[in-house]
Amino acid sequence: MKRIAATFVVLGLTAGAAVGEVAPADVKFTDGALAESLSGMAGNAEEGYNIVTSKSLGNCVSCHSADAYADIPFHGNIGPMLDGAGSRWSEAELRGIVANAKMMFDGSMMPSFYKTAGYVRPGDAYTGKAATGELPPLLTAQQVEDVVAYLMTLTDE
Amino acid sequence: VALAGGAVADPDEDELVINGEIAIVTQTAAPAHLEGSLDEIYSGWRFRADGTQAMEMDDFDNPGMLGVEVGEELFAKAWGSEGKSCADCHDGAESLADVRPTYPKWNDAKEQVYTVQMQINDCLTERMGAEKEKYDSSSMLNLEALIASVARGKPVNVAIDGPAQSTWEQGKEIYYTRYGQLELSCANCHEDNYGNLIRADHLSQGQINGFPTYRLKNAKLNGVQGRFKGCVRDTRAETFSPGSPEFIALELYVASRGNGLSVEGPSVRN
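These protein sequence lines are chains A and B, in that order. Per this note's numbering, residue 1 is the first one in the first sequence, and the count goes up by one each step. Per this note's numbering, residue 158 is the first one in the second sequence, and the count goes up by one each step.
Chain B extracted, bound-state conformation (with noise of 0.2 angstroms):
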């Protein structure tokens, strides 16, 4: 539903190739499925200003690398009761290259769609022995900024139809509901207003192809569904919680919305 707000402001035009090699697809044409909504979807790398968009140019600038780094060595480490580690039977990260662009995914065992972190749990607690860990942890983050680093520059493609069909409709509609005592959707803000300003911050599409986002404003990674929940709360709404069936929904609807962009994290935000 168009409103009749202010105009919509055009991102930039600067473009994207990370350390002088990787280049990132930061706008194409919208997916099949938002006909009606948008005609072209953008990272949300081309709403940030100069200066942020240069730490995620070079690898070396880009504190979200650390992270990469940190979770290396957590792949290569023996955890839980079996002394297996994730490269025991992973060869390498560089094997999981096409997990980051595919995931929210069904999960035909489980009979659900999985987030990548579920995913890794199911590794820790079912094949390693290790401890279950919490949603958005730290460890978490740095896995997932190390399993979306090696998939930089793939365009995102997660299935929608098939088994996995009612959680994105499910998604969908979060998306699109007006939350809160401010009775605001996502789409308010980032499909009708992206581009413009809501006091000082310059709203973007909110894609998700470069999370996890080392986010200057906590000088940390954060997770999709820390995100999401962020912006509920700011509606002045009772959140959903990072894990909870909601934010899988949701996580799979808003990855879709991307589909086309390339994954692009860990990036940097503001």
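The shape of chain A in the complex, shown without the other chains (with noise of 0.2 angstroms):
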């Protein structure tokens, strides 16, 4: 844990992020994964389930389709199917490509949860206009763990 308490007394200065967070500027990939928890804590598979199904969470299910959440209705099927994720990838790649899956395919249309800068004409959430000042995320430091914690129940038995 000395690498993210150290990481925090940097951060501290900048975001406001809560102990033990890495901020998105600092997330730094190793081919496009990441090994750490970005809140240093660990995730709530049952709140992932609640960010991957919502639309005004992390709406996953907007392009992805899996038969471990059939009772929300309308998939869309733009990415793969989520089933069995948790043993396609490991933890730390799929804390990767949540965060940042541009950098695990190149060119992704998946949008980037956790990111707070480099977009072209950001805007304030879904009004149409500008937005003021630095963006938040898309998901927290948490939420992302959440989200990671639930894909790795999603396991081919």
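Everything labelled a hint here was simulated from the structure, so no lab data went into it. Be a bit skeptical, because a hint or two may be false.
Not everything, but these chain A residues come out facing chain B in the computed CB check (under 10 angstroms) [claimed, not checked]:
1) P73
2) M103
3) S112
4) G118
5) D124
6) L138
Even glycine gets a Cβ: it sits at the ideal position worked out from N, Cα and C.
Please assemble the complex out of the two chains, which come individually in their own frames, going by the hints.
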């Protein structure tokens, strides 16, 4: 935990991140993966399920289908089915994909959920108006962890 | 750039003939400038459910035709200080049947690309002594619906070379720019993923041969640029405004992606 604590000291001055949290600008990918928890804490798979299937949160269901959440109506099919993701990928890889899929899949259509800069004409959510100031990431560090914990439960048995 | 996303599913095989007499080309070979991007182009009609499709096959079932009727009244009435109607100078809307297939188009006198709405506004302000209409106002959309309706079945054929070329290039750049916090371009949805589902929406190629469009969702006629605005907003971006130079350029570019499809407006969509 020494490295995370050190990161926090630097961050505390800039983004006002919570204790033990890695700010979006300080995330360092290794081959598209992230070994350590972004929040410094474990994820909650049940919360992760809510985030993946809610339009107002991760809205992953807009692009991904899964038998695992068959009870949720209207699955998109832009990306691969998420069933078995926890067997196909390691936890570190899933964290990397959710935080910024473009690090794993070059040019991916999948939005980057833990990123705050580098946008073209960023808007204020879905209002169509210009964003005022720096945008928060689409998901918080803990929400990313929750989603990763949920994806880890989607195994091939 | 092809993405390794889901496989592209086919549009349906239905054929569109309006009123049993106007045959509409809803699928054809893509224009040469789309080589490497798309082989075939399809009208959005081919991606809609049977019930929505049926509404466009008969003018009595197409609520957009009510807009055409209002457009006919507007065309015949005197507007503005000159006491002139459109019909005083234009021999019926039929005399404007080549407009919808070829616009947006370079306007020599104004030295810029003109949409149909800009052209109508010139007639209103410079020839009729009337106030300019707001972009996508209901009167504008009704007149546009009228001017589209008389061109139904004619192939879209907008010019992309000559003086219009730099505007077309600008529109192309906008089409491929990934806007907003979701970082999505028009091409992400309408070139790489047409035929796929984004939540409950069956993605089309985002063609504009059917505009203006009567949408069941808001129960009125919708203009091209208003539709663009909605799509850009959905990327969590700051949108452009209807009538802006960016959207005029984008309209020219998107229209050119449909060169060869039939004019179909006013169409019916969800």
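How the hints compare with the structure:
{"no.": "1", "hint": "P73", "result": "8 angstroms, holds"}
{"no.": "2", "hint": "M103", "result": "13 angstroms, violated"}
{"no.": "3", "hint": "S112", "result": "7 angstroms, holds"}
{"no.": "4", "hint": "G118", "result": "9 angstroms, holds"}
{"no.": "5", "hint": "D124", "result": "8 angstroms, holds"}
{"no.": "6", "hint": "L138", "result": "7 angstroms, holds"}
The earlier numbered hint that this structure contradicts is number 2, and it is the only one.
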